[in-house]
Amino acid sequence: MNPTTIVLHGRKVVGGCAEGEALVTTQTISGWGGVNPMIGTVIETRHELRGQSFKDKVLVFPGAKGSSGWSAVFHMTRLANAAPKALVFNEMTTKIALGAVVMRIPSITDLDRDPLEVIETGDWVKVDADRGIVEIRKAAARSSRAETSAAV
Amino acid sequence: MKLTDSEQAMLDGREGAARQKAMQLLVRYAEALGAERFVETTNVAGVPGTSNPFLESYYLEAGDRYDVVYSRFDLDSDEVVEVPRITVNSCHLQGGIDPENWQTLGAKPEQLRISQAGEKSAANHGIKILKTCTPYLVGNVPARGEHCAWMESSAVVYCNSVLAARTNTEGRESTSAAMLTGRIPDWGFHQDSYRLATHRIDVEIPVESVMDWGMLGYYAGDMVGERIPVLVGKYGQPDLVRHKHFGAAAASSGGVEMYHVVGVTPEAPSLESALGGRVPRETHRYGKAEQRRIYEILNARGKDPNVDFVMLGCPHHSLDQIKEVCRLLGGKRISANCRLWIFTSRAVRAVADREGYSKLIRDAGGVLLTDTCSAIGQTVPPGTKVVALDSAKQTHYLPAIMGIEAWFGTTQDCINAALTGRWNGVAP
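Chains R and V, in that order, are what the protein sequence lines are. All residue numbers in the first sequence are consecutive under numbering that gives the first Met the number 0, ending with 151. All residue numbers in the second sequence are consecutive under numbering that gives the first Met the number 0, ending with 427.
Honestly, I wouldn't trust all of these hints.
[Unchecked claim] Derived CB-CB ranges, DEER-like: (1) Arg-13(V) - Thr-4(R): 46 to 54 Å; (2) Glu-119(R) - Asp-362(V): 53 to 61 Å; (3) Ile-38(R) - Glu-39(V): 35 to 43 Å; (4) Arg-84(V) - Met-37(R): 30 to 38 Å.
[Said to hold, decoys possible] Partial list, computed: chain R residues near chain V (C-beta under 7 Å): (5) Gly-50; (6) Ser-66; (7) Ala-71.
Keep in mind the hints are simulated off the structure, nothing from the lab. The beta-carbon is built from N, C-alpha and C at its ideal position, and this holds for glycine as well.
Given the sequences, and given the hints that come with them, work out the whole structure.
Listed below in structure tokens is the structure:
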């Protein structure tokens, strides 16, 4: 394994394996009224991700908040091909459990380190939910390696 | 998962294909939560089989449209199954359109057709068509300790906190599955230990009006997120409407599904019992500065004092609130530059019609609408730039959804704005 890879261990919420670029927020996300499901963007007024899309990203966040429409809105993101590739989150709620189930994407929680502290937006993250493993390749490490090889 | 014999029978398909699909979804959901068993639920509130133009165009399978949407979306099934008559006590919450005033809401005939077809099918399946976010105002009042499976965050928080019945914030898919099976995962608020307060909020200023309670709720949600606050301090006896606005706000700024008010809510006879003898993880103080900060957050999207739209009824107005609106209107007409929409349930509307309130509102130039609200229906009068609201929850959602400015204040501030076309609300 590459020495710059960080591995976290957690509990499978929904099985499967997927990888992609991380989109990280320390703020919980509203589904209904907080997200445009057709394009997968956050629309909540005060949210730090406002205007950003989680489509095809590994979404790393504390968890779900707000309306009970959470699962239905994220369910719609799957139908509109605007869903995240995987979920990594801290706080289990019925909203996020049901949303992860109907999005049918690999999802992990209860990690041995806080993913919000370890993972940064732009990191490459592999979520192997069946084995309860999250592998992180740091964007900074990747770019510094690229610089090194360019210098050589 | 430990399944009972009857649950296993449903999962095996011995109770029909629809109950099998429903049980499969509930098992996936329970495993995601980490639940080990189900509870039997006797009160389910959701939006079963509700369609919209997107789903209509997405699911092109042949067959009964209600079965198609219920199977494919609600039960997340890859095949379409026939949905049998619902035998579990179930109701339909708010929808997207008022079938009588759909043109006022700017709805298209196609939306009305989809909505009415869905409603007819749901009714034919034995689901009560309450069409409100406030089922507890129109006869669906669960008993203390009753296991419920409710959607609608403002109703969920009322159900747990004020009624001491038990529900998590369920979603569309889990409620539709619960309607078929009478089961929901035994997790979260179904369990005694989960219902205890985690965070303490000391209320150090008097909290009296509906607006005061809305702001306090917004603060509580902002502070505790998805946790459970217990309030201690300077508050009077909140009535139903104050609880409604407090809970709705706390469930919007955060994810509050239950709160305790010492000496008021049934599971908080004392601070110690609300906390279950534990020390709160955090203690917050709600004083003048905090109230002021919340007022400023809620008015952050208000710039232009010219108000062209006033929307009341989030959560749906009670009969008392409608009566209060009529008193504040005082027989005057609203400004020609402003629209006034007040949302309530069908049942409350029926009484308001008979008591003459609907006519008083109409004579003033406003309209009493049912079934939906501006945020749910994603509808405001054409050309709306600035809305005035008396609900912290609606203020949280509507400007973001519709891209408009918003003022937040008392119901009186809002009616004044409707009468004059100007916002004159003042910070408390």
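Notebook entry, point to check: Checking against the hints above, which ones are violated?
Noted result: Structure breaks hint 5 only.
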